[in-house]
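For the protein sequence lines, the chains are A and B, in the order given.
Each residue of the first sequence is one higher than the one before, starting from 1 at the first, in the numbering used here.
Each residue of the second sequence is one higher than the one before, starting from 1 at the first, in the numbering used here.
No lab work stands behind these hints, which were simulated from the structure alone.
All figures in this text were calculated on a predicted structure; none of them were measured in a lab.
Glycine residues also receive a C-beta, built at the ideal position from the N, C-alpha and C atoms.
There may be inaccurate statements among the hints.
Calculated lysine to any residue pairs in the SDA-like style (CA-CA distance at most 25 Å, straight line) [unchecked claim]: (1) B:K189 x B:E200; (2) A:K308 x A:K152; (3) A:K152 x B:S233; (4) A:K254 x B:A247; (5) A:K152 x B:A247.
Facing chain A, a subset of chain B residues (Cβ under 7 Å, in silico) [to be verified]: (6) G65; (7) G125; (8) V166; (9) L209; (10) E213; (11) R227; (12) V239; (13) D240.
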Amino acid sequence: MKTLVFAEGTPAGPSASSLELLAKAREVGDPSVFFAGEGSDATWAALGAHGATTVHHLEIGDSLPAAGAAASMAALIELEAPDLVLFGLNPTDRDTAGRLSARLGVPLISNAVEIDTSKTPITVTNEILGGTTLVETEFTAGSPHLVVVRPKSFIATEVGGGTPTVTAAPPTGDGPAMSARVVERHEEASTGPKLTEADVIVSGGRGMGAPENFEIIERLARRLGAAVGATRAVVDAGWVPYSMQVGQTGKTVKPNVYIACGISGAMQHLVGMKDSSVIIAINKDEEAPIFGVADLGVVGDVHKVLPKLLEALGE
Amino acid sequence: MKIAVCVKQIPDPATPYGLDPETHLVQRPEDQVLDDTDRYGIEVALQLAEASEGSVVLVSMSPAGTLQGIRQALAMGADEAVVVSDPALRGSDALVTARVLAAAIRRLDADVVIAGTESTDGYSGVVPQQVAELLDLPALTFARRVEATGDGIRIERQTTTGYDVVEAPLPVLISVTAAAVEPRYPTFKGIMQAKSKTVEQPTVGDLGLTPDEVGLKGSGQRVIEVRPAPARSAGTKVVDDGEAHLAIVEALEKAKVI
Ligand SMILES: Cc1cc2nc3c(=O)[nH]c(=O)nc-3n(C[C@H](O)[C@H](O)[C@H](O)COP(=O)(O)OP(=O)(O)OC[C@H]3O[C@@H](n4cnc5c(N)ncnc54)[C@H](O)[C@@H]3O)c2cc1C
Ligand SMILES: Cc1cc2nc3c(=O)[nH]c(=O)nc-3n(C[C@H](O)[C@H](O)[C@H](O)COP(=O)(O)OP(=O)(O)OC[C@H]3O[C@@H](n4cnc5c(N)ncnc54)[C@H](O)[C@@H]3O)c2cc1C
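Please put together the full structure from these sequences, using the hints given.
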């Protein structure tokens with residue numbers, strides 16, 4: 001089975017999702033990669049180490065990538081006829097996947113957590129209702145089958161492959177859809193470990209009461225070498241940047257320990273963190289849904305429990 | 001500026017929706033509500049229209065039912081609505097939904113099309129991009145701030161590590177996040193006016209689509225099984241009597257974090 005993996009170039013190299021997808025693609029055949037963005041020898045080496053044998057490279061300059069990437073991918077698909085095309089859940093992945101499906105007139109299954117290629121036709125499983133229900137769907141249309149995969153569904157592992165063959169991807173053509181331009185880029189600096197890679201995460205929700213109370217979350221995170229997470233409620237309120245959001249529309253995390261402070265445990269939050277090995281929750285409402293998934297649930301006030309915890313940890 | 005906003009009527013999330021055990025399709029009650037996610041798109045549309053003496057048309061695909069959700073959206077201040085409601089649409093997937101929305105929008109000749117980033121019930125999160133491709137529009141997606149420039153739109157686009165400033169000329173599609181604006185509440189006057197606003201209800205045929213292109217047949221995918229996910233069971237619960245932090249220390253020790 002021929003598989004094509006979409007990869008967006010990031011300042012740190014190929015996107016994390018592309019390396020996770022390569023792990024799955026390797027299982028089913030010779031994976032090739034469609035890479036949009038600025039490439040480098042280190043990037044090609046990283047893709048090769050994760051099993052890519054061919055990389056189709058598209059330079060995108062200052063245009064918003066998706067429209068051009070979808071046009072180029074459509075041309076490539078015509079030439080190479082892959083059976084399966086995989087995308088992550090990042091903004092540009094989703095933009096490109098949606099456009100490609102419309103361009104080719106083929107269906108797309110989103111939020112996948114498993115792909116069963118041993119079945120004919122291929123089936124895709126995704127989670128609904130906050131991960132409480134699994135839905136298995138089969139493609140009834142012909143290939144290529146387009147799938148958008150939730151982060152951490154597959155584990156990225158190096159297999160020590162050599163440098164892949166890098167070729168220029170087909171040209172994008174032009175048209176009104178390609179007229180969006182990126183005029184500025186802003187990175188929101190964060191300290192400590194990255195949320196998606198952290199072994200321990202301390203997360204705060206609206207129950208923290210006020211933005212300044214996030215300071216104690218940060219102190220606890222520093223003490224534990226943890227990353228700081230948050231709910232959408234506090235991100236929307238402007239207490240912390242979006243890059244900290246955990247959940248359906250934020251990051252999917254899978255740490256060893258997740259400490260949820262003043263978080264109710266809405267379905268859309270749970271979907272991003274319920275696969276943590278150990279969940280500890282502090283909430284003053286003993287009926288809070290977060291307790292339904294917590295290994296240790298503390299029914300209490302964060303303003304009382306957290307200072308004592310920090311003291312006991314000898315901060 | 002003429003603005004089309006995609007808004008979805010969904011089963012009330014407060015009473016979690018069920019799937020039909022046989023067809024595996026979402027059970028859609030007569031009374032559906034406006035997807036909360038789409039209130040942000042409506043607010044952005046109203047602000048752009050107010051600044052340009054423009055108009056706002058809602059575009060939706062769903063079983064019409066009581067049109068409760070659409071009335072909620074009209075009550076915020078949108079001028080009129082187009083609701084594509086046709087039994088042939090049963091079982092439509094995201095791409096079919098996008099085809100239907102695109103066909104309805106094409107007739108409106110809009111300068112700006114607005115959608116949410118993902119719906120609350122389906123959350124496939126690709127419909128706006130599919131609509132943009134079908135209409136050959138640039139898409140300014142994941143907007144957390146939207147402003148009109150002289151002849152186009154400029155947004156702040158959320159990225160995984162920060163944000164980008166992105167712009168495109170009209171006509172354009174924008175997908176907005178919940179951070180973009182604070183949606184207004186309908187006023188009493190708005191609620192009264194909503195009752196008399198035009199809600200056009202074209203069929204699939206009116207849009208130039210055939211029944212084969214929509215519904216389950218047009219969708220190219222079929223749900224074959226629905227099963228509960230392996231449940232994560234609740235562990236121990238302690239009520240804080242001033243000593244609960246010690247239980248946390250113990251849990252952290254057990255997990256070898258400290
Ligand atoms: C389409 C869509 C996508 C979404 N995506 C996401 C997402 O990615 N991530 C996400 O998090 N949410 C997401 N949401 C929002 C989600 O539905 C919830 O609104 C959100 O998670 C609630 O955040 P919260 O737990 O901080 O706030 P609340 O629900 O307000 O909960 C606050 C909790 O704090 C407790 N509390 C209050 N005071 C104290 C105290 N002193 N001590 C201890 N506990 C206290 C309360 O009992 C309560 O349980 C999404 C929603 C939609 C519709
Ligand atoms: C198996 C299956 C069965 C289905 N059965 C039916 C059915 O019986 N009847 C039916 O009407 N639909 C049906 N649908 C369509 C479904 O409800 C969604 O509208 C469609 O799949 C779009 O997906 P989403 O909600 O995940 O969109 P997302 O991409 O997550 O939505 C993003 C944004 O796009 C816009 N948008 C998305 N959908 C609509 C819409 N329908 N109307 C207006 N704006 C929209 C909104 O602005 C929304 O915020 C079915 C889908 C599937 C997969």
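Going through the hints against the structure:
Simply put, K189 of chain B and E200 of chain B have alpha-carbon atoms about 22 Å apart, close enough for the 25 Å limit, and the pair holds. Restraint check for K308 of chain A and K152 of chain A: the C-alpha separation of about 34 Å exceeds 25 Å, so the hint is violated. Proximity of K152 of chain A to S233 of chain B is assessed by CA-CA distance (about 21 Å); at most 25 Å being required, the pair is judged to hold. A C-alpha spacing of about 22 Å is found between K254 of chain A and A247 of chain B, which places the hinted pair at or below 25 Å, so the restraint holds.
Pair hint K152 of chain A plus A247 of chain B does not hold up; C-alpha atoms about 30 Å apart against a cutoff of 25 Å. With 7 Å as the threshold, the beta carbon of G65 of chain B stays out of range of chain A, its nearest partner Cβ sitting at about 22 Å, so the hint is violated. Of the supplied interface hints, the one on G125 of chain B holds, with its beta-carbon coming within about 6 Å of a beta-carbon of chain A, less than 7 Å. For the restraint placing V166 of chain B at the interface with chain A, the shortest Cβ-Cβ distance is roughly 5 Å, inside the 7 Å limit, so the hint holds.
A distance limit of 7 Å between C-beta atoms decides the matter here; for L209 of chain B the minimum to chain A is near 13 Å, and the interface restraint is violated. Nearest Cβ of chain A to the Cβ of E213 of chain B: about 10 Å, over the 7 Å cut. The hint is violated. Interface hint status for R227 of chain B: upheld, as the beta-carbon distance to the closest one in chain A is roughly 5 Å, under 7 Å. The closest approach between the C-beta of V239 of chain B and any C-beta of chain A is roughly 5 Å, which is under the 7 Å cut-off, so the hint is satisfied.
Annotation: interface hint on D240 of chain B holds; nearest CB of chain A at approximately 3 Å, less than 7 Å.
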